[in-house]
Amino acid sequence: MSDSKQASEVVFKDVGKMAVFKKTHTVILKNCSFTVESGKLTVLIGPSGCGKTTIINLIAGYERPDIGEVQIDGKRIIGPNWERLVVFQETALFPWLTCYENIMFGPLARQVMSKEEAHQETLNLLVKVGLEDFRDKYPSQLSGGMQRRAELARALINQPKVMLMDEPFRGLDAMTRQLMQEYYLNLFEETNASHVFVTSEVDEAIILADNLLVMTNKPSKIKKIIEIDLPRPRNWNMVTSKRYLEIKAEALELLHEEAIKASTASGKVDVDLSGLLETTRAD
Amino acid sequence: MESKPDGKGEGRILIEHVEKVYDPEGVNVHACRDCNADIQPGEFAMVVGPSGCGKTTLLNAIAGFDNATGGAIYLDGKKIAAPDIIQSPGADRIVVFQGGALFPWKTVMGNIIYGPVMQGKMRVDEAVSEARDLMGRLGLSREIEPLYPGNLSSGMKRQVEIIRALINDPKVLLLDEPFRALDNMSKGLMHEYLLSVFELTRKTIFFITHDLEEAVFLADRIFVMTTRPGTFKAVIDIDIPRPRDFRVLTTERFVEIREHVKAQVEEESMKAFEAGERELA
Chain A
1 MSDSKQASEV VFKDVGKMAV FKKTHTVILK NCSFTVESGK LTVLIGPSGC GKTTIINLIA
61 GYERPDIGEV QIDGKRIIGP NWERLVVFQE TALFPWLTCY ENIMFGPLAR QVMSKEEAHQ
121 ETLNLLVKVG LEDFRDKYPS QLSGGMQRRA ELARALINQP KVMLMDEPFR GLDAMTRQLM
181 QEYYLNLFEE TNASHVFVTS EVDEAIILAD NLLVMTNKPS KIKKIIEIDL PRPRNWNMVT
241 SKRYLEIKAE ALELLHEEAI KASTASGKVD VDLSGLLETT RAD
Chain B
1001 MESKPDGKGE GRILIEHVEK VYDPEGVNVH ACRDCNADIQ PGEFAMVVGP SGCGKTTLLN
1061 AIAGFDNATG GAIYLDGKKI AAPDIIQSPG ADRIVVFQGG ALFPWKTVMG NIIYGPVMQG
1121 KMRVDEAVSE ARDLMGRLGL SREIEPLYPG NLSSGMKRQV EIIRALINDP KVLLLDEPFR
1181 ALDNMSKGLM HEYLLSVFEL TRKTIFFITH DLEEAVFLAD RIFVMTTRPG TFKAVIDIDI
1241 PRPRDFRVLT TERFVEIREH VKAQVEEESM KAFEAGEREL A
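Top line first, the protein sequences correspond to chains A and B.
The opening residue of the first sequence carries number 1 in my numbering; numbering runs sequentially from there.
The opening residue of the second sequence carries number 1001 in my numbering; numbering runs sequentially from there.
Just chain A, same shape as in the assembly (with noise of 0.2 Å):
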């Protein structure tokens, strides 16, 4: 897939985000500042419930800031739009339509394919993501991981300027885990999209990121940028190299500080937010 743009830069600027669920207000993010660097891969790491599928819907334009600016080249994030994808944890193919259909669907609606074109945009992404074999068979009689190659597929073909991956692998199991990171790597390093990767997996996000960034508990923001400085391309033999360890070793001693923090937390019990964020994205 040939790309000429260059690769987009994502900043948030300051930026506070509240949920408003009935009479409770809480603050997910606050003064959270960080950048999104053009071209790489940038992981996202925290507390559950910090707000990470917050910056990701606010990336996205599913939402947009209460506090601050979220800006994509120096404009503001209005809304969504084909540049800036999400692939989400749970499927969203489309049902009623095939492996292939489901890619080229993207390219089509928005007319700026011919069907001849898109035609072989698919076949190319089937083969990167090792589809090819099943292109005519429904969202249904593909496995968890087979579902989420296909996502990535039919976010790819549109050639977006950000992609956003929220916990994308969470649930599979460990092998299918690591065969969808080591596709993931791949078409990371071939394509010119910045990223932005959510995951609560420690290994996960050595392992992708360029950036690690390590969020507080809410209020949010960034607690410290690690920096992954791994050589590309990636391969499992780094998981057990001193380096890799001297990364591993300061990102579960920052996590660990926050986790304390929570759990400590006087007067405070730990409830569980998700329901409420659901509501949220709603409106």
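Please note that a few of the clues may not be correct.
Unchecked claim - Result set (DSS-like, lysine-lysine): computed pairs, CA atoms no more than 27 Å apart in a straight line:
1) A:261 to A:30
2) A:137 to B:1106
3) A:22 to B:1106
Unchecked claim - The calculated label-pair distances, taken between Cβ atoms and stated as ranges, are:
4) B:1021 to A:112: 55 to 61 Å
5) A:235 to B:1099: 44 to 50 Å
6) A:33 to B:1097: 58 to 64 Å
7) B:1139 to A:232: 38 to 44 Å
8) B:1091 to A:82: 35 to 41 Å
9) A:232 to B:1090: 27 to 33 Å
Just so you know, the hints here were simulated from the structure itself, not pulled from any lab data.
In this text, all values refer to a predicted model and were calculated from it rather than measured experimentally.
Beta carbons are placed, not taken as given, at the ideal position from N, Cα and C, and that holds for glycine.
Dock chain B against chain A, hints included.
Then chain B, alone, in the frame of chain A:
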């Protein structure tokens, strides 16, 4: 492996030539074959293996939810699974489930005291006092007592479930991927919690997982199961001293053992993969 000096010396699980075949007249699914293991009193035993290899089947047989169709399982000499007995669950071996099994209509305290009170082993006030003692020693705030499970995070629910199991003073705790659904951070805290439970009570623990880091971090020994029909192909000793904390995860010895376990399991996972096992989504 000697039993711990401060344990009661109870909770030895002897698994002898255990076999489990489902539906022998019809589809004939051979879940386990010739499983053998001698889990010592107060041992933290982890069971790992590819999806669908028979780990849960074995746990169900130990728990008394299901029976073995061949061989036998003994708990401190008492036969608890075998073709010639009728299996039944008991308070001497309690399961902490993956999906959670707290009664949604009862409060945290109501859930915890249910067992001993229902069985007539304790009066309500005794049970409440015992519950508070356990919660205190394991760092759970009394503020959660009147809350319902629906108000708790997944991690906290698991903590309550473990206390609910412990208050019945079982010999064995059986855990079937109890932390699977938790995010990494909560999981880490749960590991610390479980280890403090283990240090405090020295119950025998039989824990099934897919997470190999979790396995190596928690275990005294890891039992690796083959693909279906499952049998134990390797037993790996974890010679990392206790008490362990998260810093152990990045030490050389830990990584060495983990890679070894990984290689063992991967061999089996490949076979299962090729046999077309669907991944658990």
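We went through each hint and held it up to the structure:
no. : hint                        : verdict
1   : A:261 to A:30               : 17 Å, holds
2   : A:137 to B:1106             : 45 Å, violated
3   : A:22 to B:1106              : 25 Å, holds
4   : B:1021 to A:112: 55 to 61 Å : 58 Å, holds
5   : A:235 to B:1099: 44 to 50 Å : 36 Å, violated
6   : A:33 to B:1097: 58 to 64 Å  : 42 Å, violated
7   : B:1139 to A:232: 38 to 44 Å : 42 Å, holds
8   : B:1091 to A:82: 35 to 41 Å  : 59 Å, violated
9   : A:232 to B:1090: 27 to 33 Å : 55 Å, violated
In the structure shown, a violation is registered for the earlier hints numbered 2, 5, 6, 8 and 9, in ascending order.
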